[in-house]
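K.L.:
Residue strings, one per chain:
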Amino acid sequence: MNIEPDGLTGCLLAVESIKDARAILNGPGGCRNYHSFLSELHYPRTDSGGITEFMEPYFMGQPRLPCTYLDEDDYIRGSVEKMERILPVVERKGDRLAVVINSPGAALIGDDIDGAIDRAGFSDKMLTLEEPTFSTPASTAYDSTIRTIMNWLDQPRTDTIPKSVNILGMSITNKDWRHGVFELQGCLERMGLTVLSVPGAACTVEGLRRSVRASCNIIVSPEYSLSTAQWYEEKYGIPWVMSEEGAPVGFGATERWLRTIADATGTNASEAISSMRHYREVAARFLTEFQRHSTLPKGITFAVKADSSVALPLTKWLLEYLGMVPVSVRLNPGGDPTMADSLRSFLEQQEFGEAWDKGLQESRPDVVLADGHTARLMKGMRYCRVGVDISLPSLDRFNFIPRTIFGAQGAMYLLDEIINGI
Amino acid sequence: MIQIAVYGKGGIGKSTVSANLSYALARSGKKVLQIGCDPKHDSTRLLLKGKAQTTVLSYIREVPSSERRLDDVLKEGALGIKCVEAGGPEPGIGCAGRGILSTFDALKKLGLEGHQFDVKLYDVLGDVVCGGFAVPLRREYADAVYLVTSGEFMSIYAANNILKGIRNFDGDACRVAGLIFNSRGLDGEVEIVERFARGVDLPIVASIPRSQLFSMAEREARTVVEMFPESQPARVIVGLSRHVDNMTRDPGILRPACPLNDDQMNQLASGREVDRGCRWPDKATVQEALGCSLKCASQDAVRATHDPLERKILHTCATNGAVHCTSQIDKAVTIIHGPRSCAHIMAASSDHYALSAWKRNGELQSAPTAYRLMSTNMDDHISIFGGTQSLEGLLREKAEQGHRTMFVITTCASGIIGDDVAAVAKRIERDHRGTVVKVIEADGNITGEWDQGYLDAVKSVTELVDRDVTPEMDTVNIIGERDFFIYNRERNFRIASDVLGRLGLRVNCRFLSGCDVTAIRNFNKGGLNLLAQDDALSRSMGEMLRDRLGVRLFDLPLPVGLRETITWVEELSRAMGREGAGKAMIEELSAEYQSGVANARPWLKGRKVLVLNKYSTNIDWLLDLLMDLDMRVLKVGLGVKHYPGEPRSGLDTRCTRYLNAITFQEDYGLDDLRMDIESLAPDLVLSDQRIPRDQVCHYDVIYRPDIGIRSSVELAKRWANIVRLPQIEGWKMEGKGQ
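Which chain is which? The protein sequence lines are H and G, in order. Just so we're aligned, residue 0 is where the first sequence starts under numbering that gives the first Met the number 0, counting upward by one. Just so we're aligned, residue 0 is where the second sequence starts under numbering that gives the first Met the number 0, counting upward by one.
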């Protein structure tokens, strides 16, 4: 299986994660439909009544990712003319920012898109990402896109707001990212911190501008944000903090994440941690009740396919907190090398080293925790008993109740899926 | 600081001119950077005294980004001139133009912009002015462009092409510095170049005489200006460096690009003075002149401004169609030769349909696509240097794992760089006996849309069929079952298998859903070939199989509703000599249908129905059911061009048996529906699209039903319930004051 999303998806979704921005795809229609659907599904913002506004060339009734619909002629003769035509159509939608992203084919022909933007007089609200990102990890491209946009905004350095932070490394590729942001924001607020901005997850252009006033950047997943965090530090002197244990997944890692932040920001995490106590108690009570009639989940096997910052705390938590047995742990491309090493060492120390990078299908786990498609298809094919959806692609789930994997809420979601599934 | 680009045909001496010019500029005290943009990477050789230079492209290929340093590719040559070579792929492989793009990107990332220079000189191959080689023409790079040419026609042709490129970037803006005439010593050469210069309205800023001194200096890997500073060629180059100097102070000496059109080039080639009254038209002129006679403008000029919106919009790509076709085949591997995004998009979309089908039907139609699909994960390096090596590696790996049937499908990226995939396939087949590698050159959307790719793949799959196998009269093949927008594939197959079984028939090969390579090899065993669907793609597939394999086609698609089912069973049982079994089955099916319909009739009899059908070409099964339920059909609203091939007014009994019994209205839209709901007050609206949320009426969305009679009975039951429910669900009233 070497068909995870790549840099094209990462770039497009990073732009689409900005509330008042729009990605323009310079490429064929075949690259558009899936991503347009994905964007609308993961970050819906057009009600069905508004669709008629998009019944026009380049949108073709789909609100997200207007596209130049390149064809053979354009590959030979260049696509600048199409670009010149699409730009005013997109500009009329009134977005604060539009970013042109080349499909792999378009990246090969090397049209002067910046020139077209200049000639159209939109240089103050449109830019091009010329760097070909195909086959690079989606997370890396997501990170570099946010960084490039921040760099392009070129916000002047101003005074810092004390005790204010940005959350970095939350992306709209996370499972139920909205509740995730809400959950983590709540934790930080209980520590006396104000969240200024969440670049990468429904932030506005104004929010991105405001973000340079933060006193610290809090990283959730470094794969999606480390280079952006380093850029903030270099350009604005904003320090960043991340937990060596990875993202706040499971009770233990969430606690450690909060303590690391408290140490770095000079705040107190005790209220945030004690507010988790309620969830821990409920979880323990339910697990006790469940084990009256069962020895599970202790001893059942699991497989994880995730970003390194999620796989590390998740694997540890399932093993240490629930007593589950890892049989397959695979990382998505673009993993943080330190976290990957840490996870591998952990598995070896626990004498489960053979689970590292083992194929999902061959390991025949009881529980699969993976992107929505893999998890659900594995269950559908009866390759596992439980398929827990923890990330994109997850095209057909609607989160009526919180299904984030982060924080205490996230731990409850994971427990709910596992315990009720087995 | 000034940035200049020196363009010229390969071998015309532009690198020699560039290096000499850089040297002359440096000698006058300028801080100079020279960047060679030619895959043969010898632009700076004379400045580096022949020392090999690491090219940017080989560097970024070999060194991880975190370890790259500008100093590794920025070498210091004579007089402190900084030298960079872009490099490029081997001839015939990859995309050198893409390489130039990557070089500029890499230099930017390595921090070249942070270095101060008085002159940046780009030495660029000008034979091919594709997007990549035109990068130095962009305003952010070149303030001025020099064209090196001799009197040879191909050299002038190349210079003229570069002028076209500049014009496409700049229009009338002034950016051309002039011609540098590098003499080959040919008879009449001066006159030709002068005529060209007059034709394009450019000065000849330097005339470099043919001289042995150049080869003497080259043997020493030095410039003429360095070795023979007092010679005539050196004096000409120094004069050229003064021109650069003047231009820096007075950009007003730059001219616009006025390339010759084809007629003018012919005049030049035939030794005549170019008719300057006839210019290369600018975009506005062409736009204005479209529709009129454009005698002077070449075809290319007109084509370049042809409205892209008038071309057919391609919403899908052939690669996706081909992948969908071959990836259904069990025990075969499909390899997408392209970026990972292609494979991801196709697999994720396919999986989404599988999950949607599961949600609707409670069963999964297929395993994760990733189990049957591989990608060569083409990245930027592969697109520059060619991707056949990585493809070959993957094919060999799979062959060694025991895979005997593999399909390779090309994408836009591999198509554009022109990888010779067929040659790779042949090598694998030669080295791994018994292994079959089929190549489908879909090239993204370059060869067409989804259907085209699917058909090309079908054609390729038919080459696996064993022609020596003979038909058996108790078996049939089912052709063209698909997943996309067909959520009930497996259920339909079970229904079809049941009906066929009752006729004493069994399915030999499901072409191509749920079949394996062995079933395809034995395809010809099927005594009759049944089309699953009645659509253009299925018919094309059927005809292709008939024409290529000489098999028998059964003309009717798998049936929906009672009447279609009766006809289908009658025809099929006749074709296979099983009339008796057919007759008995028809009696059973009819009885079951009548009984089911009778149960729902009390709730539906006499109810008024409005039907909106925008997409299906045949809904007689639905109208039959409504009639059998004794419902009153008020009207059938149809979409635009509803019946393909039929003129608007030609809606006749070939399209529907109910033409004279029911009112049909074409071009029926949601506004019509709104008015009809108000004026006709239907008890039930049946539509194949969602109707506006605020419409208060009983309604149901009609998806493509399962084949056979039971889906009709189920629908009748469903409508009998729907007419008893509230007209509008409560959640739809949220935010409306209730």
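Just so you know, the hints here were simulated from the structure itself, not pulled from any lab data. One or more of the hints may lead you astray.
Calculated lysine-lysine pairs in the BS3-like style (CA-CA distance at most 25 Å, straight line) [said to hold, decoys possible]:
no. : chain 1 : residue 1 : chain 2 : residue 2
1   : H       : Lys357    : G       : Lys604
2   : G       : Lys397    : H       : Lys357
3   : H       : Lys124    : H       : Lys92
4   : H       : Lys357    : H       : Lys297
5   : G       : Lys358    : G       : Lys437
6   : G       : Lys524    : G       : Lys330
7   : G       : Lys163    : G       : Lys30
8   : G       : Lys524    : G       : Lys634
9   : G       : Lys425    : G       : Lys437
10  : G       : Lys358    : H       : Lys234
11  : G       : Lys358    : G       : Lys397
12  : G       : Lys634    : H       : Lys234
13  : G       : Lys582    : G       : Lys634
14  : H       : Lys378    : G       : Lys330
15  : G       : Lys108    : G       : Lys30
16  : G       : Lys48     : G       : Lys29
17  : H       : Lys378    : G       : Lys358
18  : G       : Lys107    : H       : Lys124
19  : G       : Lys582    : G       : Lys607
20  : G       : Lys397    : G       : Lys437
21  : G       : Lys30     : G       : Lys74
22  : G       : Lys634    : G       : Lys604
23  : H       : Lys124    : G       : Lys108
24  : G       : Lys39     : G       : Lys50
To spell it out: a stretch of chain G is covered by chain H in this simulated footprint if at least three of its residues, at any positions, have a beta carbon under 8 Å from a beta carbon of chain H; those stretches are [claimed, not checked]:
no. : stretch
25  : 97-109
26  : 316-326
27  : 365-379
Cβ atoms here follow ideal geometry from the backbone N, Cα and C, with glycine treated the same way.
K.L.:
Next, verify each hint and record whether it holds.
P.N.:
To see whether the hints hold, each was checked on the structure:
1. For the hint pairing H/Lys357 with G/Lys604, the CA-to-CA distance comes to about 61 Å; that exceeds 25 Å, so the pair is violated.
2. For a cut-off of 25 Å, the pair hint linking G/Lys397 to H/Lys357 stands: about 18 Å separates their Cα positions.
3. A distance of roughly 12 Å separates the Cα atoms of H/Lys124 and H/Lys92; the hinted pair therefore holds under the 25 Å criterion.
4. For the hint linking H/Lys357 to H/Lys297, the alpha-carbon distance of about 21 Å falls within 25 Å, and the restraint holds.
5. With a C-alpha separation of about 35 Å, the suggested pairing of G/Lys358 with G/Lys437 is violated against the 25 Å cut-off.
6. Between G/Lys524 and G/Lys330 the CA atoms are separated by roughly 20 Å; this keeps the pair inside 25 Å, and the hint holds.
7. With a CA separation close to 31 Å, the supplied pair G/Lys163 and G/Lys30 exceeds the 25 Å bound.
8. The straight-line distance between the Cα atoms of G/Lys524 and G/Lys634 is roughly 47 Å, outside the 25 Å bound, and the hint therefore fails.
9. With a C-alpha separation of about 9 Å, the suggested pair G/Lys425 and G/Lys437 falls inside the 25 Å cut-off, and the hint holds.
10. Annotation: proposed proximity of G/Lys358 to H/Lys234 is violated, straight-line Cα distance about 49 Å (limit 25 Å).
11. Taking the CA atoms of G/Lys358 and G/Lys397, the gap is about 34 Å. The hint is violated against a cut of 25 Å.
12. Note on G/Lys634 and H/Lys234: the hinted pairing is violated, with a Cα-Cα distance of about 68 Å set against a maximum of 25 Å.
13. Of the pairs offered as hints, the one joining G/Lys582 and G/Lys634 is violated, with about 35 Å between alpha carbons and a cut-off of 25 Å exceeded.
14. For the hint pairing H/Lys378 with G/Lys330, the CA-to-CA distance comes to about 22 Å; that is within 25 Å, so the pair holds.
15. About 22 Å separates the Cα atoms of G/Lys108 and G/Lys30, which keeps this hinted pair within 25 Å; it holds.
16. Distance hint between G/Lys48 and G/Lys29 is fulfilled; the C-alpha atoms sit about 20 Å from each other, no more than 25 Å.
17. Of the pairs offered as hints, the one joining H/Lys378 and G/Lys358 holds, with about 13 Å between alpha carbons and a cut-off of 25 Å not exceeded.
18. Annotation: proposed proximity of G/Lys107 to H/Lys124 holds, straight-line Cα distance about 22 Å (limit 25 Å).
19. Between G/Lys582 and G/Lys607 the CA atoms are separated by roughly 35 Å; this puts the pair beyond 25 Å, and the hint is violated.
20. For a cut-off of 25 Å, the pair hint linking G/Lys397 to G/Lys437 stands: about 14 Å separates their Cα positions.
21. For the hint linking G/Lys30 to G/Lys74, the alpha-carbon distance of about 14 Å falls within 25 Å, and the restraint holds.
22. Simply put, G/Lys634 and G/Lys604 have alpha-carbon atoms about 17 Å apart, close enough for the 25 Å limit, and the pair holds.
23. Distance hint between H/Lys124 and G/Lys108 is fulfilled; the C-alpha atoms sit about 23 Å from each other, no more than 25 Å.
24. Taken as a hint, the G/Lys39 and G/Lys50 pair is honoured in the structure, with Cα atoms around 15 Å apart against an allowance of 25 Å.
25. Only residues whose C-beta sits within less than 8 Å of a C-beta in chain H count toward coverage, and the stretch 97-109 of chain G has 5 of them, enough to reach three; the restraint holds.
26. Figure legend: the stretch 316-326 of chain G, annotated as covered by chain H; annotation consistent (3 residues with Cβ-Cβ distances under 8 Å, at least 3 required).
27. Check on the stretch 365-379 of chain G: 12 of its residues sit with their Cβ under 8 Å from a Cβ of chain H, so the three-residue criterion for coverage holds.
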